[in-house]
Amino acid sequence: MQHVAIADQTEELHDPHSFITKYVWSQDHKVIAIQYGGTAIFVGLVALVLSGLMRLQLGFPESFDFIDPSAYLQFVTMHGMIMVIYLLTALLLGGFGNYLIPLMIGARDMVFPYLNMLSFWFYLLSVIILLSSFFVPGGPTGAGWTLYPPQAILEGTPGYDWGIILMLASLAVFIIAFTMGGLNYVTTVLQARTHGMTLMRMPLTIWGIFTATVLGLLAFPALLVSAIMMMLDKLIGTSFFMPALVSLGENLDYTGGSPVLFQHLFWFFGHPEVYIVALPAFGMVSDVLATHARKNIFGYRMMVWAIVAIGGLSFIVWAHHMYVSGMHPAFGFFFATTTLIIAVPTAIKVYNWVLTLWQGNIHLTVPMLFAIGFIFTFTHGGLTGLFLGNVVIDLPLSDTYFVVAHFHMVMGVSPIMVLFAAIYHWYPLMTGRMFNVTLGKLHFWFTFLGTYAIYLPMHYIGILGVPRRYFAMGTTDFIPESAQTLNASITVSALIVGMSQLFFLANVFWSIRNGEKTGHNPWGATSLEWQTPDVPPKHGNWGKELPRVYRWAYDYSVPGAKEDFIPQNHPVTKEEQTGGEHEEKA
Amino acid sequence: MSIFKTLREKPWDAQVAAAGNAVAVAPIDPQGAARIALRFIMAIVSVLFLLFIITFLSRSQYPDFQSLAGQPWQPFTDPTRLWINTGILAIASLAMQFGLASARSAHLNRAIVGISSAVFFSILFLLAQLDLWQHLYALGFYVNTNPANSYFYVLTALHGLHMMGGLIVLANVVFRVWYDGSPESLSGPLQLCTTYWHFLLGVWLVLFALLTSRPETINALAAMCGF
Ligand code: HEM
Ligand SMILES: [Cu+2]
Numbered sequence: 001m002q003h004v005a006i007a008d009q010t011e012e013l014h015d016p017h018s019f020i021t022k023y024v025w026s027q028d029h030k031v032i033a034i035q036y037g038g039t040a041i042f043v044g045l046v047a048l049v050l051s052g053l054m055r056l057q058l059g060f061p062e063s064f065d066f067i068d069p070s071a072y073l074q075f076v077t078m079h080g081m082i083m084v085i086y087l088l089t090a091l092l093l094g095g096f097g098n099y100l101i102p103l104m105i106g107a108r109d110m111v112f113p114y115l116n117m118l119s120f121w122f123y124l125l126s127v128i129i130l131l132s133s134f135f136v137p138g139g140p141t142g143a144g145w146t147l148y149p150p151q152a153i154l155e156g157t158p159g160y161d162w163g164i165i166l167m168l169a170s171l172a173v174f175i176i177a178f179t180m181g182g183l184n185y186v187t188t189v190l191q192a193r194t195h196g197m198t199l200m201r202m203p204l205t206i207w208g209i210f211t212a213t214v215l216g217l218l219a220f221p222a223l224l225v226s227a228i229m230m231m232l233d234k235l236i237g238t239s240f241f242m243p244a245l246v247s248l249g250e251n252l253d254y255t256g257g258s259p260v261l262f263q264h265l266f267w268f269f270g271h272p273e274v275y276i277v278a279l280p281a282f283g284m285v286s287d288v289l290a291t292h293a294r295k296n297i298f299g300y301r302m303m304v305w306a307i308v309a310i311g312g313l314s315f316i317v318w319a320h321h322m323y324v325s326g327m328h329p330a331f332g333f334f335f336a337t338t339t340l341i342i343a344v345p346t347a348i349k350v351y352n353w354v355l356t357l358w359q360g361n362i363h364l365t366v367p368m369l370f371a372i373g374f375i376f377t378f379t380h381g382g383l384t385g386l387f388l389g390n391v392v393i394d395l396p397l398s399d400t401y402f403v404v405a406h407f408h409m410v411m412g413v414s415p416i417m418v419l420f421a422a423i424y425h426w427y428p429l430m431t432g433r434m435f436n437v438t439l440g441k442l443h444f445w446f447t448f449l450g451t452y453a454i455y456l457p458m459h460y461i462g463i464l465g466v467p468r469r470y471f472a473m474g475t476t477d478f479i480p481e482s483a484q485t486l487n488a489s490i491t492v493s494a495l496i497v498g499m500s501q502l503f504f505l506a507n508v509f510w511s512i513r514n515g516e517k518t519g520h521n522p523w524g525a526t527s528l529e530w531q532t533p534d535v536p537p538k539h540g541n542w543g544k545e546l547p548r549v550y551r552w553a554y555d556y557s558v559p560g561a562k563e564d565f566i567p568q569n570h571p572v573t574k575e576e577q578t579g580g581e582h583e584e585k586a
Numbered sequence: 001m002s003i004f005k006t007l008r009e010k011p012w013d014a015q016v017a018a019a020g021n022a023v024a025v026a027p028i029d030p031q032g033a034a035r036i037a038l039r040f041i042m043a044i045v046s047v048l049f050l051l052f053i054i055t056f057l058s059r060s061q062y063p064d065f066q067s068l069a070g071q072p073w074q075p076f077t078d079p080t081r082l083w084i085n086t087g088i089l090a091i092a093s094l095a096m097q098f099g100l101a102s103a104r105s106a107h108l109n110r111a112i113v114g115i116s117s118a119v120f121f122s123i124l125f126l127l128a129q130l131d132l133w134q135h136l137y138a139l140g141f142y143v144n145t146n147p148a149n150s151y152f153y154v155l156t157a158l159h160g161l162h163m164m165g166g167l168i169v170l171a172n173v174v175f176r177v178w179y180d181g182s183p184e185s186l187s188g189p190l191q192l193c194t195t196y197w198h199f200l201l202g203v204w205l206v207l208f209a210l211l212t213s214r215p216e217t218i219n220a221l222a223a224m225c226g227f
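Protein chains in written order, with our numbering: chain Y, 1 to 586; chain C, 1 to 227.
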């Protein structure tokens with residue numbers, strides 16, 4: 001098979017010549033990564049605008065004519081789905097997975113470059129299908145990103161006709177795209193590592209991306225299955241999920257299907273999905289922290305074990321999203337227990353990040369700021385998760401803003417923090433130039449403080465009992481007037497945070513041309529991607545010869561070494577073997 | 001197991017690192033990547049069908065579910081047609097195996113006979129499945145009249161789609177060998193295709209067993225899953 005060999009071909013590859021093969025129908029993993037990333041950030045901005053619109057309605061009800069209850073629900077749904085799937089999953093795995101895997105393991109490309117290219121084009125197709133639903137009669141679906149039947153496909157829900165069909169079709173196409181990409185990522189990691197790059201020498205980024213991809217490959221089929229069955233329920237009137245029911249006074253043809261079955265399928269995908277976005281973020285943040293603290297990651301082995309353990313456990317906790325759907329108390333007990341158990345490896349990771357910082361030589365660079373910000377937001381989101389994991393606490397809080405605040409902290413803001421950290425961290429590699437530090441810091445502080453201004457009060461509103469997915473509160477006895485004031489302040493913060501992303505966009509675009517040239521390895525990092533002969537790396541990545549790896553990715557501040565980092569492709573010296581081993585290295 | 005051994009390595013230890021310097025990761029093996037990818041594909045497809053089967057068992061416990069076998073008027077009480085289709089698929093699998101063995105022993109003509117008959121019987125299987133659909137339709141077992149029917153159509157369609165995917169890949173393999181003109185390189189990719197064919201036969205046998213199960217069997221299985 002001719003494609004297979006590219007990844008670890010020993011001889012140099014030559015650039016494709018024409019513009020089209022170089023930038024459009026490209027099979028180079030770096031170009032595909034940028035294509036994935038650009039598309040994902042673009043839809044992400046759409047989702048950000050939608051959240052702004054929702055916030056306007058919530059903060060200043062009755063001020064905006066064009067937001068009616070249906071439109072609000074459509075915004076909620078599209079915002080949620082885009083953020084989780086089309087932004088985070090695509091950017092973390094399609095974007096960073098593609099960019100970093102071959103570079104970090106010392107390969108020339110992915111093992112199936114053609115499949116990789118197809119993966120991006122299918123992803124783009126899924127995005128186009130998704131966005132086209134804004135322009136069809138009835139508009140996009142307003143079923144909530146969970147798409148629960150029966151309401152998702154019944155009259156009364158916005159977009160019950162075209163919108164939901166396009167959503168399901170788009171998801172199916174996305175899953176195909178992800179599967180093609182995912183096969184590439186896992187196979188490349190397993191098969192195309194360069195000489196000396198043993199599994200336990202891989203940077204944690206690769207461990208995170210690899211495990212997340214395996215999760216995705218096994219979890220997305222559940223979403224596909226539910227999408228297929230719901231599509232059939234909608235289009236040809238099967239009754240997989242649809243119970244016998246009366247809608248708008250009419251007896252429908254559905255016989256006794258099971259909506260709860262859909263919920264199980266959805267969350268069997270949905271919970272691992274949380275870790276599909278979390279694990280790559282965990283990995284990348286570990287590498288950013290170690291590099292900018294000039295210290296080896298604390299407990300590397302434990303970190304790898306935790307990633308793998310979290311990945312495994314994430315398949316047996318899904319029903320904690322369904323406590324209010326009703327279930328046997330024994331099941332509730334089971335799922336609450338597994339949910340709390342998964343907190344153990346997660347907590348280990350947080351401790352290890354903090355201990356990595358401990359007595360490190362911390363450089364408060366922009367990526368480092370975002371990485372430290374992540375430790376805060378993730379810890380906060382994780383702590384409220386411990387509450388919600390318990391059945392008795394979840395029941396009253398479910399479907400309130402407490403939940404909205406929780407999941408935004410843990411899977412909304414936190415991966416986004418890491419994504420920003422990662423973009424700033426690898427920006428000099430991707431472009432050969434440094435971003436503007438002042439703009440970067442402004443971006444950080446607005447985003448980080450703004451996040452708290454938005455989500456801290458949301459916890460409180462949630463405890464008051466304000467329900468989620470509500471267009472307006474109307475007059476409600478148990479919710480005091482003051483909650484509205486809080487809502488207005490949240491909206492103002494959200495708008496400011498939204499606008500402050502312009503710092504980021506401006507910075508990224510401006511610095512491509514005007515940033516200071518950085519040359520090789522400006523952060524003094526050890527991992528392979530920084531050791532390429534050219535910056536930014538050329539087609540084929542490694543010039544004439546593949547690198548050889550002699551050590552793990554975290555030899556920072558090794559006692560006795562000339563510099564405070566030793567790249568992975570530097571051989572182990574005699575002195576290292578005799579001295580040094582007792583003093584450091586936990 | 002070696003994975004646990006790997007996970008216990010201490011990469012930071014300079015002694016270990018020095019010892020590991022000489023170690024090359026698995027030698028470059030062009031077929032290896034494809035083999036790993038195939039394993040993942042089979043795992044993913046298994047998960048896909050497994051999930052369908054689990055929902056099938058769960059759905060079977062609702063009162064409106066009428067399985068397709070058991071009572072005399074139900075189509076699969078007499079599964080002869082399904083047996084015939086299974087036979088066709090099994091022959092396709094055998095033909096692949098024969099083609100593979102011939103390619104390995106460098107009998108190119110025999111290999112071509114094997115592959116073409118595998119393609120022929122695979123397509124025949126798909127047509128026979130279509131014919132089965134028409135047969136059921138004629139009997140009034142529509143897609144949406146009963147969840148058991150819906151499952152039958154969905155599962156067979158999905159299985160058929162995977163078969164077609166396999167045919168496309170096989171065509172690609174044959175074409176490449178044809179044009180690149182090195183018949184010795186046929187046996188590697190063909191090996192993977194053959195594995196996939198056997199795998200699809202296995203999936204089909206499971207589906208066959210499930211779809212022709214009597215209500216008592218289905219109930220017992222569902223009970224085992226806790227439905
Ligand atoms: C400035 C940033 C953001 C703001 C202001 C924001 C705001 C909102 C609002 C107002 C809702 C609707 C709550 C309701 O009525 O129930 C919502 C829902 C949601 N958001 Fe965000 N969001 C932001 C970023 C994100 C990110 C990064 C994610 C990625 C995981 C995300 C995921 C979701 C999800 C999954 C829902 C639930 C949708 C549903 O209920 O169907 N959001 N967000
Ligand atoms: Cu969950």
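For the record, the hints were derived by calculation from the structure and aren't laboratory data. We put the CB at the ideal spot given by N, CA and C, even for glycine. Heads up, some of the hints might be wrong.
As the list claims (entries may be wrong) - Here are the simulated BS3-like cross-link-like pairs (lysine-lysine), alpha carbons at most 30 Å apart as the crow flies:
| # | chain 1 | residue 1 | chain 2 | residue 2 |
| --- | --- | --- | --- | --- |
| 1 | Y | Lys-562 | Y | Lys-544 |
| 2 | Y | Lys-538 | Y | Lys-574 |
| 3 | C | Lys-10 | Y | Lys-562 |
| 4 | C | Lys-10 | Y | Lys-574 |
Said to hold, decoys possible - These stretches of chain C come out as covered by chain Y in the derived footprint (C-beta under 8 Å, 3 or more residues):
| # | segment |
| --- | --- |
| 5 | 2-13 |
| 6 | 38-52 |
| 7 | 58-66 |
| 8 | 130-137 |
Claimed, not checked - Partial selection, computed: residues in chain C whose CB lies under 10 Å from chain Y:
| # | residue |
| --- | --- |
| 9 | Gly-32 |
| 10 | Arg-35 |
| 11 | Thr-55 |
| 12 | Thr-80 |
| 13 | Ile-84 |
| 14 | Phe-141 |
| 15 | Leu-158 |
| 16 | His-162 |
Going down the list of hints, with the structure as the test:
1. The straight-line distance between the Cα atoms of Lys-562/Y and Lys-544/Y is roughly 28 Å, inside the 30 Å bound, and the hint therefore holds.
2. With a C-alpha separation of about 34 Å, the suggested pairing of Lys-538/Y with Lys-574/Y is violated against the 30 Å cut-off.
3. Restraint check for Lys-10/C and Lys-562/Y: the C-alpha separation of about 23 Å stays at or below 30 Å, so the hint holds.
4. Under the criterion of a C-alpha separation no larger than 30 Å, the hint pairing Lys-10/C with Lys-574/Y is consistent with the structure, at around 19 Å.
5. Coverage of the segment 2-13 of chain C by chain Y holds in this model, with 8 residues showing a Cβ closer than 8 Å to a Cβ of that chain against a need of three.
6. For the segment 38-52 of chain C, the stated coverage by chain Y holds: 8 residues have a C-beta nearer than 8 Å to a C-beta of that chain, and at least 3 were required.
7. With a cut-off of 8 Å between beta carbons, the segment 58-66 of chain C has 5 residues touching chain Y; three or more are needed, and the interface restraint holds.
8. With 0 residues having a Cβ less than 8 Å from any Cβ of chain Y, the segment 130-137 of chain C misses the three-residue criterion, and the hint is violated.
9. A distance limit of 10 Å between C-beta atoms decides the matter here; for Gly-32/C the minimum to chain Y is near 5 Å, and the interface restraint holds.
10. Checking Arg-35/C against chain Y: minimum C-beta separation of about 9 Å stays under 10 Å; hint holds.
11. Here the hint on Thr-55/C is kept, as its CB sits about 6 Å from the closest CB of chain Y, short of 10 Å.
12. With a least beta-carbon distance of about 27 Å to chain Y, the hint placing Thr-80/C at the interface is violated under the 10 Å criterion.
13. Among the interface hints, the one on Ile-84/C is violated; its C-beta lies about 27 Å from the nearest C-beta in chain Y, farther than the 10 Å criterion.
14. Against a cut-off of 10 Å between C-beta atoms, the interface hint on Phe-141/C is violated, since the closest Cβ of chain Y lies about 13 Å away.
15. For the restraint placing Leu-158/C at the interface with chain Y, the shortest Cβ-Cβ distance is roughly 8 Å, inside the 10 Å limit, so the hint holds.
16. At a threshold of 10 Å, the smallest CB-CB gap from His-162/C to chain Y is about 12 Å, leaving the interface hint violated.
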